[in-house]
Structures are given as structure tokens and as C-alpha cells.
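The chain contents come next:
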Amino acid sequence: MHKIYLDAAATAPPLDAARTAAAKVMDNFGNPSSLHAMGLDAEREIETARAAVARAIGGKNGEIYFTSGGTEANNMAIFGGAKIHNGARVITTAAEHPSVAEPMKEMVQRGFEVLHLELTQDGLIDPSVLAKALAVSTCLVSIHHVNNETGVAQNIAVLGKIIKDTSPRTVFHVDAVQSFCKTPIDVGAMNIDLLSLSAHKIGGLKGCGALFVREKVHIRPMFFGGGQEGNMRCGTENVPGIAALGAAAGHRIPNLQANHTHAARLKELFIGLINPLDGIEINGENASPYIINMSVDGIRPEVLLNAMSACGVYISAGAACSSNKRQRDDESAVLRAYGLSRKRAETAVRISFSPENTTEEAEIAAEIFMDCVKKLRGNKVIK
Amino acid sequence: MSCVQEVLIIKYGEIALRGKNRHIYENMLLDSIRKNLAQAQCGDFYVRKEQGRFVVEWNGEVEFARIMPHITCIFGITSACIGIKLADQSMEAIQAAALAYARQHCPTPATFKVDTRRANKQYPLRSDEISAQVGGFLLDNMEGLKVNLSAPDFTLKIEIRSFAYIYSPKSEVKGPGGLPPGSAGKGVLLLSGGIDSPVAGYLAAKRGIDLVAAYFHSPPYTSERAKEKVIDLARRLSHFTGKIRLIVIPFTDIQLKLVERTPPEKITILLKRAMLRISGQIAQQEKALALITGDSVGQVASQTLHSLYAMTGATEMPIIRPLACFDKHEIVTIAQNIDTFPISIRPYDDCCTLFLPKHPETKPKLSIIQSVEGNVDNLGELIEQAIADAEVIEF
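In the order they appear, the protein sequences are chains P and C. My numbering puts the first residue of the first sequence at 18, with every later residue one more than the last. My numbering puts the first residue of the second sequence at -16, with every later residue one more than the last.
For the record, the hints were derived by calculation from the structure and aren't laboratory data. Just so it is clear, CB atoms sit at the ideal spot from N, CA and C, and this is done for glycine as well. One should not assume that every hint holds.
[Unchecked claim] So the derived label-pair ranges between C-beta atoms look like this:
(1) C/Phe378 - P/Lys122: 40 to 48 Å
(2) P/Ala327 - C/Arg17: 44 to 52 Å
(3) C/Glu374 - P/Gly296: 32 to 40 Å
(4) P/Glu130 - C/Ile376: 53 to 61 Å
(5) C/Arg17 - P/Lys122: 49 to 57 Å
Please work from the sequences and hints to get the whole structure.
Shown next as C-alpha cells:
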């Protein structure tokens, strides 16, 4: 059975360039902090990767701090970036990934006022709502770029400008885990102060990510120790992960536009092919071409997921990160935040592409999707 | 002192009460002890049968602390403790060894007593005479001791058998009790991913029932992770039973057929009847003599007395329901003690929860259930097919 992997938003298949880069470091295994030649070689690997990541987002090399992944970068940004003397208010949305949403709950415990911006049915932030929220002195705004469940992309440039114009002291954090190397990012033009990214979503390895911290912005580190990463993130560096991240970013950035176009074609093709089905609603206008989120009437998402998995097509129910959380009702918090009905939020599945997916794969997957939906709808299951 | 040796004294409960077939049970227990010791690589050992006891002795050094858990998990054993074995049964030898033992194990000042059991009736002194003499000897030779026969701080046990043994009840580690693994014959356990059924399996195994577990898998309605959970539960149970056979029965077709043909409020009862029927047939294949379920009276709609009565006729096999009269919290306590609880609470649905009606019947009528079931065409064929397609996993 040919396997078709359509869950790249959960994790993407590692790129050859990333595998090669990681394997090279296995031979060249020195500790970057060691003073000898092997240590220096390892340090060079890290600095090469740092430059590649910096280039990918229009930042400076010295503004990139490697972390253990997106979750750590988000935690570091929120707990390190919010300073009460700049205002007790923190602004975010109700459609954030758990690695932002959960730290926000903790922020409330720590005495901050966390304000969740209302979203339109399309999942977007109304810039005027943000401007109004900034009237109270605010220390941090944390907003995702591309939503992990729906693919909806916020207009970060517009939001960034509003923040800099109305409240220049406010730190602007963007969770760019789903957009890094997929959607153009320019931290300067977008007025971003902190930006989280992850390696394994773009074909790097798991266990590695980075936080961009604008030069003049100071955040408190979470880990203290041997002074690595400019004392911002102590602990011996994950050299294979970092080398692979650099290689993956280096491979993705030159092809960003072409990949974007290709993903858009896959998405259009898939949606077009399943069009004959009734009771399918696409969630999120204006979403990233890499993600399709849709509600499939009358079928529990994990049942559809299991059925497709048995046919060798791997998709996701809502978001993979939340499927091991113990919640009885499987509704998507993100779709509820968009103001969509409970029924629609309970029946959402996510299909996410990587640039390596082919049009043939999209065609076969669409066919299997149609078969599974028809078959499952034919079975009278008590809801 | 070469005739004084540290040994492991293992006591078994109920088996000792058996009549002429006692040796069969003893040998089964002996096999389990030998198997566990060999598996745990416990060195060069020898197990001696004494009346109502097993005594394990070693050639060379032994780490008792490491060995103990491998013994005290065996069904049929009530306790195990480290004691002294004396080849020389003279009173002088016993007194010397008792003094050495008391000095090591009895922190003074303390009250004490000596309690003797004389299985070897040829021994020239009676039990109470031995106790008195050894007690006197300890009083004379050890500071800070005082006799208290009713509630002593420290009891020194002497047993005169084919050898003399000395130990203290304080150092006894409790075993699970029950009967030796497999001594009762085989039973088919209906294992879901829940909290109750693994506990039912454990209790059945404790009474010597060899387990074959049956799990009903309904892809795509139940996920691979739900199956993985049941596999992990079966593996956990195999720690107690030594081995386990898990039979995974594809249940989707049967389930869909029943859902199509049954009023929603009756579906749970019909699904359960189908499961019992299949398990009954598997029991025959496996030469098992009973089915075991995790039913607890009144816990959910399908476990009311009415609902249990409505299972009548689904199978000819006797159904053992070890948890029938347990409260939920009692079941949870056992589940925690046997470490199945953390596996059971993983959030993956089993086939019943996904098909659960909003208002299941709590007082189903057997006659109606039977007639609804009778109207489901080719159910028998579907069941045959499911059994033929079952997957077997051995632990």
C-alpha cells in the first residue's frame, strides 16, 4: 500500500538536506563550547545554521537563539518578554496553539491581565479591535501568524504597524511555527520583536527550534547554566538538530514562492475533487495553501482519520498536538473561537501538505477521502 | 557455622487445606517459584518442600532484596521471609543460632517471646519446652530483654522440621494469596480498554484461572491506539499470570449490522450479547471452562441486574463476574495496586463508547431482546467470520 502523508502541519518528512547535515555532525561530534579544533568545527556548524535562519526571516545572526522547539520558544517569549513595569496587560487570541494558550493561563496566575482578541468568522483579527485593546498599557502582544489548525494567516504587517504606532514599548511576539519558510516573513518590515519557529515543520528534525529576539529587546532567559546561546538559552546545543534546521531553511527559502504555488495547486485540486460531496464546509477563508480545514457533516473526525489511515492516507483531526489531551468533547477550541457552531467544531479534520506532496498523491487521497466519507455516512451510527 | 544458612521461607495459604490433591497444587506452585527464580537469574538454588512451606536455599551469595518481588507476586503464596536453616538440630545449636539472630534483628530494650512449632514429632522436646529453654537462654545472654507472651515487640519463631528454622514474623513480606497460576483451568476474559475488566482478569487469575483475553476491535470506530492500550493491559496482566493469549476480534461488521437492525436504546445489550456469544465460541476453541467479565452490578445501564439477566442464553458458558459486588472506588484501588489504572485511563475510546445511545435501556426485557436479536439476519455467519479473522497475540 502506497502511503500518502498529508499531516505536514503536525510534522513534515525530513528533507535529504537536513538528514545529510545531521549525519555529518555525527562524525563531527565536538561540543561547540570546547576550545579545540573539533569544538570549533561544531561551533561553525551552528553559526552557519544561525545565518541561514536569520536570512530566512530577515533578521541578524545575533538575534537568533536556538531552542528545543516551538513550545520552548513560545514559553521563552511569553514568560521572558512580558514585563509588568511595561503594563500588566497581555494581548493574545483564543485561537492560539496550546504552547501559547497554556502559558497565558499561567500568566493570569502570575498577575497579568490576559486579553483575548475577538476573531471574525474567518479567523482574522480586526486591526481596530487591536488598536482599541492597546489603549491600556500593554507589555506583550502574542499572535500566531498561520493558525496550526485552520491555516488562517493573520496580516502580521498591519498588526505590527498598529502596535509600533500606538504603543512602541509593547513587545510583539509572533508564533510563526506554521509559516516559517512557507509564507514570506520579514521581521523588520513586520515590526516583529520576538518570533518562534520550529525545525520539524519544514523538514528538519524534532527537538529543535529557535526564537528570534530583536536586538534592542531584552527578555529574561528560562534556563541558566554554561552561557550557551549568549546566555539566553543555556545547555549544550543540539548540534545535529540545529545543523538540520539550517540546511532545511537553506533549502526551503529559495523555493518559497514556487512551493507556495505548488501547495495552492494541491489544495485547489483536492477541494475541487471532493466538491461533489455534500455537507463539507471549508473552515477559514484566506488560509495558507498548506492547510485545509473542513467540517465533514455526520462523521466523527477520528473515525474518518482511522478509516483513511487504514487506506494509507494520514490526516489529522483538529490539531495533532491536542489529540492526546484528555477532553471528552472533541470540539476544536480554534473553530469555536471563530464563532463557528459546535457541530462544525466537532467535525473538523485537517489535511496539510508539504511541498514534496505530488498532485497524484492529492488526487488519490481525494478519491480515498470521498470513498471513506460515503462509506461512513452510509453506516447508521448513533451520534 | 557452616551448618547455619540463610534461606527463603515461603508460606502458602489455602493449598495447605487441600486433601489428597494437595501435592498437585504444591507442585504447580513449585513450578512457578522455580520459573520466576530462573527468569530473575537468581543463581544456583534449590527449593525444598516442607509441610506447608517451601524453603529456597542457595549455593553461594544471594541478593534477597532483589529476589523477594519475584516471589511475592506469585498467586498462591501468602508470605515469604528470610530465615535461618540449621542442619544441626541440637538444643545447643538452636540456642546459639537464636541468640545470634535475636542480636541481629531485635533492637533492645524490647519485650519478646519465642514461639516454637514442632512438625517433627520425633524431636525429644515438646514445642513449649523448646520455647522456654531458648527464651531462658536469650534472657541470660542478652541485655535489655523482657518476656511478654501476649503482645511482644519481637517474636522469634522456631520450626523443627527436617531441619530447624529460625525467623521473625516481622520480616515476612506478604504475597497475594490465592491459588497457583493455572491451577483452576482456563477462562476467557472479555478485555476492554476500561478500568474494570483488567481488574476482573487479575482477580480471576488470582484464583488460579489461566487467562485468554478477548478484545473486540472496531476499526475505524476504534483507533489503533485503543488497540495498543488493550495490548499494554494484556502485557501488564501477563506479569501476574506468567503468560496470556490476547485474541483481537474484528467487530466492525457485526457492530454495524446490529446498529442498523436494533432500536438505539437496546444496542448496548445486543452488542454485549454478541461479545459473549463470540467469547463463548472462543472458549470452546481454547478449551476454556468459563467467561470472565468486568461487570459490576448497577455501575452503568448495561450492568443493571435487569441487563445482566438479559444476557441469558447468549452463551452456555458459565460467566464469572469477579467485580459484581465491588464499588467503583474499590475497583480503582485494585487497578492502582496492579498498575493497570494508568493504562486504562488513556483517552482512547473503545467500541462501546462510540456507539453509546443517549438513553440506553436500564430494564431490558429478555424476551424482546431475544426477538430483536432473532431478527438480525446472518448474525451467526458474521460471528463465524469474525472468529476466523481474529488476530492472536501471545505474551
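How the hints compare with the structure:
no., hint, verdict
1, C/Phe378 - P/Lys122: 40 to 48 Å, "holds (41 Å)"
2, P/Ala327 - C/Arg17: 44 to 52 Å, "holds (45 Å)"
3, C/Glu374 - P/Gly296: 32 to 40 Å, "holds (35 Å)"
4, P/Glu130 - C/Ile376: 53 to 61 Å, "holds (54 Å)"
5, C/Arg17 - P/Lys122: 49 to 57 Å, "holds (56 Å)"
Checked against the numbered hints listed earlier, the structure breaks none of them; every hint is satisfied.
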